[in-house]
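Letter by letter, the sequence shown follows residues 1 to 609 in my numbering.
Possibly wrong hints are sitting among the right ones.
Unchecked claim - For lysine-lysine, the following DSSO-like pairs were computed, each having C-alpha atoms within a straight-line distance of at most 30 Å:
hint, residue 1, residue 2
1, LYS445, LYS310
2, LYS445, LYS483
3, LYS478, LYS578
4, LYS106, LYS73
5, LYS172, LYS310
6, LYS278, LYS404
7, LYS172, LYS73
8, LYS578, LYS278
9, LYS278, LYS172
10, LYS441, LYS483
11, LYS73, LYS170
12, LYS278, LYS310
13, LYS478, LYS404
14, LYS475, LYS445
15, LYS483, LYS310
16, LYS475, LYS404
17, LYS475, LYS441
18, LYS404, LYS445
19, LYS478, LYS445
20, LYS441, LYS478
21, LYS578, LYS441
22, LYS578, LYS475
Since the hints were derived computationally from the structure, they do not count as laboratory data.
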Amino acid sequence: MASNFDPRLTLIAILAGSSLSSSHTFGSRVQDLLGSSRPESEQTAKPWISPEANQLGEVISHPWRLSSSDFPKLPPRDEAQRLLDTALFYIGQSQHHIDAREFSDKMWAFYQNRDDPAQLESLWVLEMILMIAIGTLFDANPEGNDEFSGVVLFEYAHRNVPTLSDLRFKGKIGIEIYALFAIYLGNMNRKEEAYLYISTAMRLAISQKYHRVCGTRHLMQSERVHNNRLWWTIYMQERRLAAATGNPPSIGDEAINIPLPTDSPGFPPVGPMCTNIKIARATGRILAVLYNPEDESEHTFIPHVQDIVKSLYEISQEIPSDSVTDVYNLGRDQSLRTTASLHLMLFQATILTIRPIMLHAAKLILSGHGPTGEQLQASPLGRLSRTCAEAARRQLKVVATLRKRNMIAIFGFYDFEASFSAAFIMILAAILDSVCEENMKINPKPGLPQALEELQHLADHGNTYARERLNEVKKLWKVMAQKIESLQVVNVSPQGINGDAQTNRVSHPNGATPAGFGDSGIDQDMVTGNQGQTSPEDFMLLDTDLWDNFSNLWVPMPETNSQQEMMMADIPPDDFYKHCYSMYNNPDWDLTGEDVGDFAELGRHIQDS
Numbered sequence: 001m002a003s004n005f006d007p008r009l010t011l012i013a014i015l016a017g018s019s020l021s022s023s024h025t026f027g028s029r030v031q032d033l034l035g036s037s038r039p040e041s042e043q044t045a046k047p048w049i050s051p052e053a054n055q056l057g058e059v060i061s062h063p064w065r066l067s068s069s070d071f072p073k074l075p076p077r078d079e080a081q082r083l084l085d086t087a088l089f090y091i092g093q094s095q096h097h098i099d100a101r102e103f104s105d106k107m108w109a110f111y112q113n114r115d116d117p118a119q120l121e122s123l124w125v126l127e128m129i130l131m132i133a134i135g136t137l138f139d140a141n142p143e144g145n146d147e148f149s150g151v152v153l154f155e156y157a158h159r160n161v162p163t164l165s166d167l168r169f170k171g172k173i174g175i176e177i178y179a180l181f182a183i184y185l186g187n188m189n190r191k192e193e194a195y196l197y198i199s200t201a202m203r204l205a206i207s208q209k210y211h212r213v214c215g216t217r218h219l220m221q222s223e224r225v226h227n228n229r230l231w232w233t234i235y236m237q238e239r240r241l242a243a244a245t246g247n248p249p250s251i252g253d254e255a256i257n258i259p260l261p262t263d264s265p266g267f268p269p270v271g272p273m274c275t276n277i278k279i280a281r282a283t284g285r286i287l288a289v290l291y292n293p294e295d296e297s298e299h300t301f302i303p304h305v306q307d308i309v310k311s312l313y314e315i316s317q318e319i320p321s322d323s324v325t326d327v328y329n330l331g332r333d334q335s336l337r338t339t340a341s342l343h344l345m346l347f348q349a350t351i352l353t354i355r356p357i358m359l360h361a362a363k364l365i366l367s368g369h370g371p372t373g374e375q376l377q378a379s380p381l382g383r384l385s386r387t388c389a390e391a392a393r394r395q396l397k398v399v400a401t402l403r404k405r406n407m408i409a410i411f412g413f414y415d416f417e418a419s420f421s422a423a424f425i426m427i428l429a430a431i432l433d434s435v436c437e438e439n440m441k442i443n444p445k446p447g448l449p450q451a452l453e454e455l456q457h458l459a460d461h462g463n464t465y466a467r468e469r470l471n472e473v474k475k476l477w478k479v480m481a482q483k484i485e486s487l488q489v490v491n492v493s494p495q496g497i498n499g500d501a502q503t504n505r506v507s508h509p510n511g512a513t514p515a516g517f518g519d520s521g522i523d524q525d526m527v528t529g530n531q532g533q534t535s536p537e538d539f540m541l542l543d544t545d546l547w548d549n550f551s552n553l554w555v556p557m558p559e560t561n562s563q564q565e566m567m568m569a570d571i572p573p574d575d576f577y578k579h580c581y582s583m584y585n586n587p588d589w590d591l592t593g594e595d596v597g598d599f600a601e602l603g604r605h606i607q608d609s
């Protein structure tokens, strides 16, 4: 009897694990398996359909239509196109929410037929309204004027969005709309709401199998490219908003089997997007490993950290190291803004990796049990802290350059995050410097004055969230600067210096004094303090020392060098790594990776010290 066994099936295995925790996922894996053994023509015959979709009665219960009674005022067509271009300038290269060509064509057709009531039955009109609202955010004018208002547009879209049951049958546009809601909310610093919306977009995409090869193989090439880029955009957004809110992501990397985006005719170059995906993936690993270390053993923790550091190092080699070369062929301004955004995200991931160590060192110093300046300078603890401060310093250089070029996003979450995160690190650097002689201090420039200056700029232009965080930083620093002064008097070595001379040497870190934080605003030293600022052209010059030092500190040290590379004193490498594990798995700190929450944790320890 003839056998129907296909030997090709023996070359493919379905791996058991957490990614197969549901029969639904297992079924899709089986479909992938069977589909790979069919001829190519048969594989593309029809789309994947969920079992329940075949049941009778699973239809939209009522037709959907936009409300006409309160339909908002829209800008003229040329202004709408400008706002679309503005939004795409900031989020259209390293992310992909819409097909810009198709979207522009549809917008032109909409304005040609403004009076056609049938257009109110198109879900795309709601998406257009959302994109215009996002454009007003990046245009730094969300309130608008008598003609139209981005806030009003967003609120209208928010009121009229269909139910999830309806959106499930609308395909990609439902996913796009929820992702755009998350963009708007995130940049308005409504991060928790943004996380809910992007997680919902992720669930919609998962339900339609965008994360699996079987979910898109039936599509035409351009649709497949769009859906692939849309999926990875949702992935990036959710990973970042999870980090921004201290929440877990919705899907593990092991459950995704579609490839990274590739270049395709008619679509933007894929380089920036792929780099962005890798940073987001690393951010997800940072949250899982470093901010949930109780899930790791001592034996797996350091190898996983080393993998994270290695990935950050490799990513750093992909991003252009200057602001002049148009590596991506996007035009100089677009290339500058895109490259700057990638640097900001990479530096933030680096800071997230090291910040718990700086917090640990700061607490030791504040409690009076910290290392001396000499020990700090010679140890991995001190060197990692310098690396973290250097990443924050470079963040500030990027933000300063964007502001000089009028490319800063006043309501851009990542531009704000870079300034606030840098201010956070500069305060930690000041605490560490309090035990150091002048020639051993980190003393980064640009430093805390410039970080506050950038936050003040955002606040002065209407970003109320930036103003609130600025006031919090000032308040904490007011308390901290007094503690630092007393620490410097006690801790700096008095050898060869009489008491009066030592007192005269006490200086306030980064040139800021507690008295400078009055109700009138930032101290004059901060407003004019541009020491260390450089020309816009060299804001990204990445010497290899930053990344080489960062990666080498986490590689097991040669035995011959072990004694000079230890954390505090003469302890072997294994003990150093155990000490690292204990720093990340410290019950005294409730750290999530979320900047504002972790900053509040620092404030709690300062008040208790």
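Do the hints match the structure? See the list:
1. With a C-alpha separation of about 27 Å, the suggested pair LYS445 and LYS310 falls inside the 30 Å cut-off, and the hint holds.
2. Pair hint LYS445 plus LYS483 holds up; C-alpha atoms about 22 Å apart against a cutoff of 30 Å.
3. A threshold of 30 Å between alpha carbons decides the hint, and for LYS478 with LYS578 the separation of about 35 Å lies outside it, so the pair is violated.
4. About 18 Å separates the Cα atoms of LYS106 and LYS73, which keeps this hinted pair within 30 Å; it holds.
5. At most 30 Å may separate the alpha-carbon atoms for a hinted pair to count; LYS172 and LYS310 exceed this at roughly 35 Å.
6. Between LYS278 and LYS404, the direct Cα distance comes to roughly 29 Å. Compliance with the 30 Å bound is thereby established for this hinted pair.
7. The hinted pair formed by LYS172 and LYS73 meets the criterion: a straight-line CA distance of about 27 Å does not exceed 30 Å.
8. Our distance criterion of 30 Å between C-alpha atoms is met by LYS578 and LYS278, whose separation comes to about 28 Å.
9. Under the criterion of a C-alpha separation no larger than 30 Å, the hint pairing LYS278 with LYS172 is consistent with the structure, at around 23 Å.
10. For the hint pairing LYS441 with LYS483, the CA-to-CA distance comes to about 17 Å; that is within 30 Å, so the pair holds.
11. This hinted pair checks out: LYS73 and LYS170 have alpha carbons roughly 26 Å apart, not beyond 30 Å.
12. For the proposed pair LYS278 and LYS310, the alpha carbon gap of about 12 Å is at most 30 Å, so the pair holds.
13. For the hint linking LYS478 to LYS404, the alpha-carbon distance of about 29 Å falls within 30 Å, and the restraint holds.
14. About 22 Å separates the Cα atoms of LYS475 and LYS445, which keeps this hinted pair within 30 Å; it holds.
15. Among the hinted pairs, LYS483 with LYS310 is inconsistent with the structure: their alpha-carbon atoms are about 37 Å apart, more than 30 Å.
16. Simply put, LYS475 and LYS404 have alpha-carbon atoms about 28 Å apart, close enough for the 30 Å limit, and the pair holds.
17. The suggested pairing of LYS475 with LYS441 holds, with an alpha-carbon distance near 24 Å, which does not exceed 30 Å.
18. For the suggested pair LYS404 and LYS445, the alpha carbons sit about 17 Å apart, so the restraint of at most 30 Å is met.
19. At most 30 Å may separate the alpha-carbon atoms for a hinted pair to count; LYS478 and LYS445 meet this at roughly 20 Å.
20. Of the pairs offered as hints, the one joining LYS441 and LYS478 holds, with about 20 Å between alpha carbons and a cut-off of 30 Å not exceeded.
21. A distance of roughly 27 Å separates the Cα atoms of LYS578 and LYS441; the hinted pair therefore holds under the 30 Å criterion.
22. Our distance criterion of 30 Å between C-alpha atoms is broken by LYS578 and LYS475, whose separation comes to about 36 Å.
Of the numbered hints listed earlier, those contradicted by the structure are 3, 5, 15, 22.
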